[in-house]
Amino acid sequence: MTGLFPGFLTLSAAMFALGSLGVMVRRNPLVVFMSIELMLNAGNLALVTYARYTHTMAGQVFALIVIAVAASEVVVGLALITGVYRSGRRLDIDELSEMRE
Amino acid sequence: MNSTFTMVLCAIALGLPTAGFLINALTAGKLPHRVVSFLGPGVVVGSFVATVILLVELLAQPPAHRGVTVLLWHWLNLSVGLVHGTVGRSGFNANFSIRIDPLSILMMLVITGIGGLIHIYSVGYMAEDASYNRFFAYMNLFITSMLLLVMSENLIFLIIGWSMVAFASYALIAFWYQRPAAVAAGRKAFVTQVIGDVGLVLGAFLIFLNLRGRGGQMLHSVDLQTIFANVGPGAHFHNGLGPMGGGMVTVIGILLFLGAAAKSAQWPLHTWLPDAMEGPTPVSALIHAATMVTAGVYLVARFHPLYQQAPVAAGIVAVVGIGTALMAAIIGCTQFDIKRVIAYSTMSQIGLMIFAVGAGAYAAGMFQFFTHACFKALLFLAAGNVIHALHDEQDIRSMGGLSTRMKLTFFAFLVGSLALAGIPLFAGWFSKEELLSTGLALGPAVPWLWVLGVSVNVLTSFYIFRVVWAAFRGQPATSRAAAAREARPMMLVPVLVLAFLSAVVGFLNIDFAGFHPITLFSDFLQPVVGRPAAHASDGIQALALLVGTALSVGGLALAWAVYGRKVISVDLISRRLPWLYQLSVQKFYWDEIYGAALVRPTLAFAALVRQVLEPQFFDTMVTEVRGGVATLADDLRSLQTGFFRDYSLIFFVCAVIGLVVLGFRLA
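Here the protein sequences come in this chain order: A and B.
Using the working numbering, you'd call the opening residue of the first sequence number 2 and step up by one each time.
Using the working numbering, you'd call the opening residue of the second sequence number 750 and step up by one each time.
Read the hints as simulated data drawn from the structure, not as lab findings.
For clarity, every value in this text was computed on a predicted model and none was experimentally measured.
Just so you know, even glycine gets a beta-carbon here, dropped at the ideal spot from N, CA and C.
Be careful, since some hints might not be right.
What the hints assert, rightly or not - Pairwise CB distance ranges (calculated):
hint : chain 1 : residue 1 : chain 2 : residue 2 : range
1    : A       : Val77     : B       : Phe1401   : 19 to 29 Å
2    : B       : Gly1376   : A       : Leu19     : 42 to 52 Å
3    : A       : Val77     : B       : Leu1408   : 26 to 36 Å
4    : B       : Leu820    : A       : Gly78     : 53 to 63 Å
5    : B       : Ala1382   : A       : Gly78     : 26 to 36 Å
6    : A       : Asp93     : B       : Glu1363   : 48 to 58 Å
7    : B       : Cys1403   : A       : Asp93     : 17 to 27 Å
8    : A       : Asp93     : B       : Gly1376   : 38 to 48 Å
To be verified - Here chain A is said to cover these stretches of chain B; the calculated rule only asks that three of the stretch's residues, wherever they fall, bring their Cβ under 8 Å from a Cβ of chain A:
hint : region
9    : 1203-1210
10   : 1396-1409
Whole structure, please, built from the sequences with the hints as guidance.
See the structure below:
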């Protein structure tokens, strides 16, 4: 069993790195959202792995909460994206930079 | 004593005036005139009733047990705290607790009793004033603060009450804020009070930092009873504040007296009291005669265990007291404003009390406080009747012949003057002769201090009967004096009650010469302040009594000869001893001295700062800082691109750096 943990953790780290790369380089907000989901699930994977490793339930419970938070976050995010789309603007994150000053 | 009942009574005595103040202040003048007329005096009278019940409870106890500490609520409770760089093992507690013992009950009786009478008087005196509600709000606040001061068992709340008194007095002196003189007088009083507060607070700090208990450990206590139990000789005494007469206890004694001197208008902090006469007359009676100015006497009497350990500080107290008494009496002889004469007389009488408590005659000093509160409030209120009848005329040269038009006021003023002058069988006679004869046995430089005290008495009876003859006898000097009418009943009743008290309260303590066994008053105070350490022999006391009384009557006769029969020329002194006359008229030049030594240098320094330092240094500094911030902001603004990916990149980089640092620390 123990031998598998480094694999899970490496996978989690790789998912997180890919996700953060996606957040930084993609311009489509939908893809950015998917990258964020990837990062969250990387976190979930790490949590569950450690929960298994320490034989406690806390990590698994926490992962459930993360899933719930991710769902509600997607609700808000998608609503924002829809709102931007309906105002007739291009869905490009670099266009949405009015908060600069 | 039933502790719950006592607690409720204490809460009522302290809470009623507080409630009166809050209601009056928070309704902001919206309450009808009639309601305020009942509410303002009513809360003080209610507080007086609670105090009387407390007194009865206290008297039901054997004398040794008269003194309870009532805990109203826990305020600060730090069981283990970092105190003075080390973790205190005992911790620090400061509770809102109240001390009920003969000394505090006596003060409470005077504050609420005489204060209540003055409140009733004010209903008549202030009736036409536009700020009627504000006046009673301040008056109730004053009563609250004063009660807090004398009832507090805790050094912190004593200081809070002490400063609240100063504020209430400031508000009341500057009550007629349209008058520049009144505002200036209020400001002067407040600044002087704050100088005194600094002394009191520093003294309290030194007690807190230096008090040691039985085993030599730091006590860090602010409880007065704990302090007193450890400071002086007694069951637990182990060098509480160093050896007797040591430097620490002397410094603390002098610092506390600085506070007392500011409150009690003693040299060198005395100049505010005459100016404070700009306030309404009931205020002068309440604050500057009966209560506030005696807070200094109370403080020294309350801290008597400390002063007994510090003979040098106590000696300074006594000498300053008698010196101020003499100086004020000399000034009083040449003033023309009727209220200023009484104000200097107050300063002088309080000087005598301060002398007594400094010399160790605590009961005698407090007895003088008690009788003085009666007859001085009476004199102020009677003078208020005169001023009111003459439409705010205060100069005795414009009065005259009032005794036929204002018979009852004249009678009351006369009783007050007889009591003040120490004419036999009136209140002041008992207290002053007791004070001087007890002081005779205790003071370090006794005979000289006694001579000074007796001269104060002679001058006192001279200047007060000068006022009696100038204002009430002879022919009216002005048409307003000729048209004066007797005051309304609301203002006469309190005056007559006070006149009755001034005539009889002296009989409470017929002890001055050791002839009579009736010593109600000093027996009452004995559990708190103890008995005087020494008595002069009966023969000396009787001689002192006879000489003192004869000289007081002599002062009266002198005033009669000068102002009544005019057999001695009025300007005898001004012709023969012009320097003494000038000194007296100019109030010993203290205002000028302070002006030259303190005020003018401060103003000159302020002008220097305004013209040189401010534009060339501070302004430049501010401009430079502003320019620097603006440049920095311009540079930093380029970091804000508005692109989401830049922000997230910065965020991730920082998170990685944080994780690496954390990893190193864990490893």
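Structure-based check of all given hints:
| no. | hint | verdict |
| --- | --- | --- |
| 1 | Val77(A) / Phe1401(B): 19 to 29 Å | 22 Å, holds |
| 2 | Gly1376(B) / Leu19(A): 42 to 52 Å | 47 Å, holds |
| 3 | Val77(A) / Leu1408(B): 26 to 36 Å | 28 Å, holds |
| 4 | Leu820(B) / Gly78(A): 53 to 63 Å | 59 Å, holds |
| 5 | Ala1382(B) / Gly78(A): 26 to 36 Å | 32 Å, holds |
| 6 | Asp93(A) / Glu1363(B): 48 to 58 Å | 55 Å, holds |
| 7 | Cys1403(B) / Asp93(A): 17 to 27 Å | 26 Å, holds |
| 8 | Asp93(A) / Gly1376(B): 38 to 48 Å | 39 Å, holds |
| 9 | 1203-1210 | violated (count 0) |
| 10 | 1396-1409 | holds (count 3) |
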